[in-house]
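Make a model of the complete structure from these sequences and hints.
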Amino acid sequence: MSYAIDHDLAVAWLRAAAAAVEQRHQELTELDAAIGDGDHGSNLRRGFVAVTELLDSLDPATPPGTVLIRAGTTLISKVGGASGPLYGSVLRAAGTALPAPTADLTALAEALRAGLTALQKLGGAAVGDKTIVDAFEPAVAALERAAFDGFTLREASALAAEAAEAGARATIPLEARKGRASYLGPRSVDHQDPGATSTALLFAALAEVSSPH
Amino acid sequence: MSYAIDHDLAVAWLRAAAAAVEQRHQELTELDAAIGDGDHGSNLRRGFVAVTELLDSLDPATPPGTVLIRAGTTLISKVGGASGPLYGSVLRAAGTALPAPTADLTALAEALRAGLTALQKLGGAAVGDKTIVDAFEPAVAALERAAFDGFTLREASALAAEAAEAGARATIPLEARKGRASYLGPRSVDHQDPGATSTALLFAALAEVSSPH
Amino acid sequence: MKKLINTPESVLDDTLAGIAAAHPELTVDRTARVVHRSDAPRPGKVALVSGGGSGHEPLHTGFVGPGMLDAACPGEVFTSPVPDQMLAAISAVDGGAGVVFVVKNYTGDVLNFSLAAELAAEQGTEVRTVLVDDDVAVQDSTFTAGRRGTGATVVVEKVCGALAERGAGAAEVASIGQLANALSRSFAVALTAATVPAAGKPGFDLPGDEIEAGVGIHGEPGRRREPLRPARELAAEVVETVLADHTLTSGDQVIALVNGLGGTPLHELYLVYGEVAARLAERGITIARRLVGNYVTSLDMAGFSLTLTKADPQLLELWDAPVATPALRWS
Amino acid sequence: MKKLINTPESVLDDTLAGIAAAHPELTVDRTARVVHRSDAPRPGKVALVSGGGSGHEPLHTGFVGPGMLDAACPGEVFTSPVPDQMLAAISAVDGGAGVVFVVKNYTGDVLNFSLAAELAAEQGTEVRTVLVDDDVAVQDSTFTAGRRGTGATVVVEKVCGALAERGAGAAEVASIGQLANALSRSFAVALTAATVPAAGKPGFDLPGDEIEAGVGIHGEPGRRREPLRPARELAAEVVETVLADHTLTSGDQVIALVNGLGGTPLHELYLVYGEVAARLAERGITIARRLVGNYVTSLDMAGFSLTLTKADPQLLELWDAPVATPALRWS
Ligand SMILES: Nc1ncnc2c1ncn2[C@@H]1O[C@H](COP(=O)(O)OP(=O)(O)O)[C@@H](O)[C@H]1O
Ligand SMILES: Nc1ncnc2c1ncn2[C@@H]1O[C@H](COP(=O)(O)OP(=O)(O)O)[C@@H](O)[C@H]1O
Ligand SMILES: [Mg+2]
Ligand SMILES: [Mg+2]
Ligand SMILES: [Mg+2]
Ligand SMILES: [Mg+2]
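Protein chains in written order, with numbering that gives the first Met the number 0: chain A, 0 to 212; chain B, 0 to 212; chain C, 0 to 330; chain D, 0 to 330.
The hints are simulated quantities; they were obtained by calculation from the structure and are not laboratory data.
Nothing here was measured: the structure is a model prediction, and the numbers come from that model.
If a hint is listed, it holds; no wrong ones were tucked in.
In silico DMTMM-like links for lysine to aspartate or glutamate, alpha-carbon gap of 25 Å or less:
#, chain 1, residue 1, chain 2, residue 2
1, D, K1, C, E236
2, D, K1, C, E239
3, C, K200, C, E8
4, C, K1, B, E29
5, D, K309, D, E239
6, C, K1, D, E225
7, C, K309, C, E281
8, C, K1, D, D204
9, D, K1, A, E29
10, C, K1, B, E26
11, A, K120, D, E121
12, D, K200, A, D189
13, D, K200, A, E29
14, D, K200, A, E21
15, D, K309, D, E236
16, C, K200, B, E26
17, D, K1, D, D208
18, D, K200, A, E26
19, B, K120, C, D139
20, D, K200, D, E225
21, C, K1, C, D12
22, C, K309, D, E24
23, C, K309, C, E239
24, C, K200, D, D208
25, D, K1, C, D208
26, B, K120, C, E125
27, C, K1, D, E236
28, C, K1, D, E239
Printed below as a string of structure tokens:
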């Protein structure tokens, strides 16, 4: 079995994520305006513009894990809000778990599980709280299953993207219990969580750049 | 020829004016909102409510001139703005010219001319400046002509009311040169002046209460 | 209309009740509608009295206190006060050393304050008047009621108050005020119209992408309607307009006031101030002192005004003198 | 959207440029995005640092100066600052006597300030944190992010600043802040929604006769929608709501803050304050100190919040201590 992630894939993934955020930040902001404070799109956009600059200046010998760590640090330095430290910590924890120049799908899934664990440790949210976790958890679970079943990155990341998207949509009927949306109580119901939605974008970006693999 | 004004007519006139202001203050305020500061109706309403209280407490032996003087003083004390001192001075000057218990139409016209003179001395406006003067001057002129022609108060006041109304309407195409509307320059054109409009109400009130005479 | 009021008729009285509760250090006479210093009358001190329609808060009530006004006479919303108020103010604060009125140039204010001055003179009190007319949006010609008094009122009341506090005579206090006014020019732009409570709806309609340039502080429309532009361009235009009517040249010092009209949040005013400061710096004009905030407002109107007062050392020194009022306070 | 800005992206930087120009007595580091006292670091003095999203001005930048904050870290509009800012602030103002953060309880602020505290600890600087969570509109349960920090922030920053100025240790400064927070409760109502510049339109639609009760300061909708009522009734309801969650009884003293949310003019705030004061007087609660004005705003939102801090003699004494900042100034 060929490896799943290397420097190029890490960079390509982050670039695709940046492009997706650039294209859909308005939509994320609108979702956030409905049940939050209307900045999620601009927050991520600011962060991924900085990540893109970082990528432009990276040595091609940088291991994929280091790419993720440095992107995570950039998000923490640029985004602010809840999503900056949360996504930043995800990437930093995931990157830390990928020290080698290449890693297989199982290692990638494990690394993203480590990212999710960091996210949950920091934010204290569980599935069902109407947060990033609602999309991230099923996506990681899908990756893990696919790795166990011997799927390719292409197949696995498509499944993960689907799971993340379904998880994001599943936040609609939920009442938020973490983040700003929790202030609304029952009025947070019937809105899709912006953070879960941006997580779906991230996994869609991974699927997109994994197609040739 | 019977007398034109006595205590009862002065009181009836002011009560009719108060009723007209009460009924149409919103309209005056709207005219003022368009080219001024949106308070002419509320200003006069506040003043005429106080005038009504004054009238309720007046000795029936009070000469008509004193009724007007005290009503003018009340307007000065209660209205504020430009219209308070202006209308107050009109009534005070007119009242001063009517010391006797009764007066004929010529004396009434003279008294109102004295009121107009006081108004113009205070405010410095001439006909055509888009102010109270544009309705007041033609109304006084009509009264004077009617007195000279030997008309009754009923006939004379109807002519004055018509002239005031025409004068108020004639302010529409004018560019204001006094009061707040002058700040708008050419943009004051195509609006009827609120003060000229309230003057038309005052002369209509006089005509109304003069009908039985 | 969405306002935190009880009824349109009771706005003035209810606001005075709040001012009375919030400022126990001042005396608020709700019947006479006068707010005055509690230590007045102060024998030998010129009494500085101002007033005008309400809806411009903190002007004038927020400027009552040591180092500034002795008394303020708030009229109904956008309506000048009546002479009875000024007479009540005089009897509360006149310490026998003379009275100076600060009057913004509006027909209503001028007429009511003049009547009050006449009545006071009949009672033996001589009153001097400083007429404030700083708004360059209005032509000062015989075809208008003259320039309006706006932001410069703060400067005039501050320097007159400082001089009066030091025991200067009435003539001197009035003439420093007249000087400050003569050295001041202002211009305002509105992003939204003001809503007078009794009228119940905005004074004019302004589409979402347009502004009114040259507005006053009474909700009346301005001289012209323009497209909304970035703050940098708007500030540059306002600076141009004010300077075109000023005698300022490179090397001069000014007191600058970037003033909110009531509905504009502070961060936007700071942003505008930054642009104004940059434009003045380009021309070599130094902002020696400044205020950024809501000082002379127009109910809930969004927008700002710029006032520039050419500042000589005497004016700066009086500006810096201690003041302790609800809205201006330094020592 | 009608705002006095250049571009939504440059609001923070352009505002900082204005603050820098307007307050030469402060140091504004536009690159690090930190506003701090120019006389910092002051050896032996605990460094008091706060910050949060922009759009709440004068909070926090307007509270930097002697007697209050040593530094403020303004984030993007409604977005908490990033840890780099807090680290830059610490290196600018840490006088070696310890650092205290004042953090409003929002997930983003808590996360970013905690990361900063961790990183500072790694560099050998111990940071203590006062978490402000006074808003009774939010249930403080495991099913929410906890109560939001709003108006009480002003009280916390004032009393911590006063104590730090006197040379108290970091533990003492932090605990007076925690006490002030514990004794404070707030509640807000909005008449209009705020418009975040980057979003370009109001955060929610509010019909002309309705209000949002229980809003925070980030433009999010409140707990419920209600008809707009006279100020007297609204104030009474807000007082009830705050007291229902407070331990105040007849004879107690409070510091009261009637705070505008950015788009409400001062005369309405005074009017509301009058109603609040009357309701508290009926219950035998004495307002020992008060502020009426725009202190913790939410961009252009119209509405007000009420904060009541139960005031013991120590808090009152610290409240009265001299302060010299752009937004609070007394001596
Ligand atoms: N405790 C948490 N755990 C996981 N995700 C969270 C948590 N709090 C908030 N989020 C996510 O962050 C998103 C909001 O991010 P953003 O708008 O950028 O930050 P802020 O809420 O500070 O404005 C929410 O939609 C939610 O998905
Ligand atoms: N100098 C003047 N002479 C005569 N009438 C005047 C003058 N100035 C203003 N007015 C009249 O006063 C009216 C406005 O009155 P009002 O709205 O009550 O006062 P204000 O303008 O102070 O708000 C104008 O419509 C105009 O007719
Ligand atoms: Mg957000
Ligand atoms: Mg008017
Ligand atoms: Mg008026
Ligand atoms: Mg945010």
